[in-house]
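Asker: Below are the chains, spelled out letter by letter.
Number of protein chains: 2
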Amino acid sequence: MKDTNVISRSVIGRLPRYYRFLGELQQKGISRISSGELAGKMGLTASQIRQDLNCFGGFGQQGYGYNVPALREQLAGILGLDQTYTAVLIGAGNLGRAVAGHMSIDDRGFRLIGIFDVDPLYKGIKIRGLPIQPDSMLPEFCAASAPDMAVLCVPEDAAPAVVEQLIGCGVRNFWNFSHYDIKRDHPEVNVENVHLNDSLMMLSYKIKNRQDDTP
Amino acid sequence: MKDTNVISRSVIGRLPRYYRFLGELQQKGISRISSGELAGKMGLTASQIRQDLNCFGGFGQQGYGYNVPALREQLAGILGLDQTYTAVLIGAGNLGRAVAGHMSIDDRGFRLIGIFDVDPLYKGIKIRGLPIQPDSMLPEFCAASAPDMAVLCVPEDAAPAVVEQLIGCGVRNFWNFSHYDIKRDHPEVNVENVHLNDSLMMLSYKIKNRQDDTP
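From first to last, the protein sequence lines are chains A and B.
Heads up, the first sequence is in my numbering, so the first residue is 113 and it goes up one at a time.
Heads up, the second sequence is in my numbering, so the first residue is 113 and it goes up one at a time.
Derived by calculation from the structure, the hints in this document are not laboratory data.
Hints should not be assumed to be uniformly reliable.
It does not matter which identical chain is meant; a pair holds if it fits inside one copy or across any two.
Pairs of lysine-lysine, DSBU-like flavour, derived with a Cα cap of 30 Å [what the hints assert, rightly or not]: (1) K153 with K238; (2) K318 with K295; (3) K295 with K140; (4) K153 with K140; (5) K153 with K295; (6) K320 with K235; (7) K153 with K318; (8) K235 with K140; (9) K238 with K140.
Please build the complete structure, drawing on both the sequences and the hints.
Answerer: Now the structure itself:
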């Protein structure tokens, strides 16, 4: 297997889609697929699929194709889904609640263990069986439970202080829904950003430029 | 200005971040900035910034730098934020409600005009002043109001039929939070995907590979 550090971001970015798609095949009882069939169903070329998967060791066999469950398990391992990470959610508004509902992948990968919000109105409310706790409880909770990651669903102006506090508590991984640029201030941590506004602007760009194409 | 069709996806993907960042500068009363300063604040190199912005016409002036409000307005135009698009939201669960709260960029760009959900329990509830309507009302609504885009916050298995229906009603632009691969079945429409599970898997990948780096 190639050193995963040198695999391009675009290949890595396609792995979740492969993983999802293989799951769909497995649910349909399909246990074996050629790169050509997989390509057709995913809207890619067979050669792109072979190249992508070869980066991770070339799981296909000439004349046989890919073993769907085996390939999927290998991808799960590469994606780190063979481990379980514990998570705290900071910010229990609509976005936080929606995200909490999307925290598990096949019931593996991530486990939400604590929910925190600065709003005292939320005190006592439970989400997915967990009580919303005040932000002031965060240091104590982290000291006791050492969560692997934090999900940030707070406004941008609240985010820097929360991140500082979480890093002080030993959290090194962030799923960031705020617009705060964590990496700029803390290059040493892992961050995955979900910027809804940026995504909406990309759609706006696509609409505008498609429209500009028309005579 | 170069033909925007040939500008790389990665340059286009950075434009929302420039737009956001220039907005922050403007809020702080900063009206002029050099590419070097902008680079330092954004964690990029000055040459990358110049290259990126040159793709769209080179707005900077030697020895002066960039005029912040003017550059921001030009980016708004490129991103299509100088137009207003009307949108319907399909799926009014937590995710739909959260997304509805993120539909405006500086109060421009997108305007939510209708919310639909298949669940009769939601009937009569209002979100952002709009009543949640049953899915059966969608064709009539689209015929009368001709929304420019749809926001899909429905489960994957419900998505194909909804998309089919919306396309039948003339909708050509989708902000897609379901895992349904719209482009595969309808390559002619504009789609911007937000796949929360994929993003979570990318974080998992980063955690795993960062951990693998440590001895």
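Asker: Please go over all the hints and tell whether each is borne out by the structure.
Answerer: Right, here's what the structure says about each hint:
{"no.": "1", "hint": "K153 with K238", "verdict": "neither (41 Å within a copy, 40 Å between copies)"}
{"no.": "2", "hint": "K318 with K295", "verdict": "both (28 Å within a copy, 13 Å between copies)"}
{"no.": "3", "hint": "K295 with K140", "verdict": "between (41 Å within a copy, 21 Å between copies)"}
{"no.": "4", "hint": "K153 with K140", "verdict": "within (14 Å within a copy, 50 Å between copies)"}
{"no.": "5", "hint": "K153 with K295", "verdict": "between (36 Å within a copy, 12 Å between copies)"}
{"no.": "6", "hint": "K320 with K235", "verdict": "neither (45 Å within a copy, 34 Å between copies)"}
{"no.": "7", "hint": "K153 with K318", "verdict": "both (24 Å within a copy, 28 Å between copies)"}
{"no.": "8", "hint": "K235 with K140", "verdict": "neither (44 Å within a copy, 35 Å between copies)"}
{"no.": "9", "hint": "K238 with K140", "verdict": "neither (36 Å within a copy, 39 Å between copies)"}
In terms of the numbered hints stated before, the structure departs from hints 1, 6, 8 and 9, listed from lowest to highest.
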